[in-house]
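Asks: Sequence:
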Amino acid sequence: MPMRKGLTWSGKNPNTEALPDVMCLHSSPPPQPHRISENHRYLVKSDGTPFFWLGDTAWELFHRLGKDETLHYLENRSALGYTVIQAVALAELQGLDIPNAQGHLPLLDRDPSRPNEDYFSHVDWTVNQANRLGLCIALLPTWACHWHPEDAAFTPENAEVYGEWIGRRYREAGIVWVLGGDKAVENDRHRSIIRAMARGVRRGDGGAHLMTFHPGGGLGSAESFHGEPWLDFNMRQNGHAAEYTGRYDKTRQDYDREPVKPVLDAEPIYEDHPVSFDSRGRGHSLAIDTRRALYWDLFGGAFGHTYGHHSVWQMWEPGREGVNFPVMSWQEALGQPGAAQMRYARALLESRPFLTRIPDDGLIVPHDHATVLPGAGLYRFAGTRDSEGSFAMIYAPGGRNFRVRTENLAGSQFRAWWFNPRTGQSTQIGLIDRWDELAFRHPDEGEMIDWVLVLDDAARSFPPPGQSASAARGCAWRESLAGSRGRNDERPARNSCCH
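Going letter by letter, the sequence shown gives residues 46 to 544 in this note's numbering.
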């Protein structure tokens, strides 16, 4: 949908007569609107090309940052290959009572039917800047603390009024709607408020944007709203545990639900977050924890992924009260390794057929003890492949040797690669004749270092994993990548496969 500069809506609605006129200013077209793919597994752009949701978590973006800080943050995330920024209009951290960086509160007298034009003008500007940089805003109209308690600001009645107002205001912006905000739906009142807000948003934006629901920790939107027509795709919060079992395995469970809807983990473990909220007992997470969540989710059927840093979501800096022990300023956290490594997974999956990829842990030959292979806890291996068998990938989070079944793969020969999720580099193992099972030696036996095995049908002549076909045409990749070097990259040069 094209964006018109200076679009102004000045019509009146009997339910929103007291609200200010709507104005959305955009100096350039936003990202293309999104829709659900024909197989109901992915998001695509309006022209039908795949859309990889690579999100970053900036819950307090509208509330805490000034314009210069906002531009610094957005430009950083755009440069790192992110495509989505998750942010909240009515923020969690005293968002109704502490003004934003421009000195404005979002609501007049804490009344959702009386939004403050000065505050939302800054939201307009921020959305516009994000769209200018090719970033879609996953926009939460409010955090759950403003609808979940009995004495909260939102009721079913004013939720619908506010929903229609904000829906109309951003109907032509580059956004996706996200209702909810980190709480479980526990009673009929909660359901009534969410459904009312969804009705209002739909009436306001005319169905222009996709809509989902951000749930509480360890939960998914499907548990409360899977069958509801306004829920276009499922969103999970697998949360801040580090282990696969009991958390990240739920992505596959939502993938298998009917009717089929795309699924996404929008809040996995954040980088530098207290693991399971237990900083004294378990310490703070590292980039490896965020990578495990990334590949577990993607290989479990997710259409994209959201990263978060514990300082960035709350835009913490010294002198400001922190939530759950942030360890560095948000400015410093922008450069943490996990933030830069997310793009490598995007590049990896975009270098192979995208819309036909399916989860398949059956690729991994199980050990007599399933907790060894495919594994459990921190040590869970995960598999994915093309539904037509043109490629397969195995995420190996640690240094255990493993075997791969080939019965669902195409081709008489495979071209095998090790893909480094820490650097985005690929090392070619070589051409391998087809056998029922292929055994692979992990590049870092016995160590907690992760790699991705990629098996291609050799006849397809795919580019190296993580490279586009056009980039691959510009280099002699068979020779150059076989000798690639970098941290831990020397190890795959040895014989990595046997029948």
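None of these hints come from the bench; they were simulated from the model. As the structure is a computational prediction, the values presented were derived from the model and not from experiment. Built from N, CA and C at the ideal position, the CB exists for glycine as well. Heads up, a few of these hints could be off.
Said to hold, decoys possible - Pairwise CB distance ranges (calculated):
{"hint": "1", "residue 1": "Asn453", "residue 2": "Gly422", "range": "41 to 51 Å"}
{"hint": "2", "residue 1": "Asn446", "residue 2": "Arg479", "range": "15 to 25 Å"}
{"hint": "3", "residue 1": "Arg234", "residue 2": "Lys90", "range": "36 to 46 Å"}
{"hint": "4", "residue 1": "Ala516", "residue 2": "Val410", "range": "54 to 64 Å"}
{"hint": "5", "residue 1": "Val417", "residue 2": "Glu114", "range": "21 to 31 Å"}
{"hint": "6", "residue 1": "Lys112", "residue 2": "Glu395", "range": "28 to 38 Å"}
{"hint": "7", "residue 1": "Ile143", "residue 2": "Asn453", "range": "27 to 37 Å"}
{"hint": "8", "residue 1": "Ala421", "residue 2": "Pro274", "range": "32 to 42 Å"}
Asks: Hint by hint, say whether it matches the structure.
Replies: Outcome of the hint check:
1. Asn453 x Gly422: 41 to 51 Å: Taking Cβ atoms as reference, Asn453 and Gly422 lie about 27 Å apart, which means the hint is violated.
2. Asn446 x Arg479: 15 to 25 Å: Distance hint for Asn446, Arg479 holds at roughly 20 Å.
3. Arg234 x Lys90: 36 to 46 Å: holds, 38 Å
4. Ala516 x Val410: 54 to 64 Å: violated, 34 Å
5. Val417 x Glu114: 21 to 31 Å: violated, 48 Å
6. Lys112 x Glu395: 28 to 38 Å: holds, 32 Å
7. Ile143 x Asn453: 27 to 37 Å: Once the Cβ atoms are compared, 55 Å apart, the range 27 to 37 Å for Asn453 and Ile143 is violated.
8. Ala421 x Pro274: 32 to 42 Å: Cβ of Ala421 to Cβ of Pro274: about 37 Å, so the range 32 to 42 Å holds.
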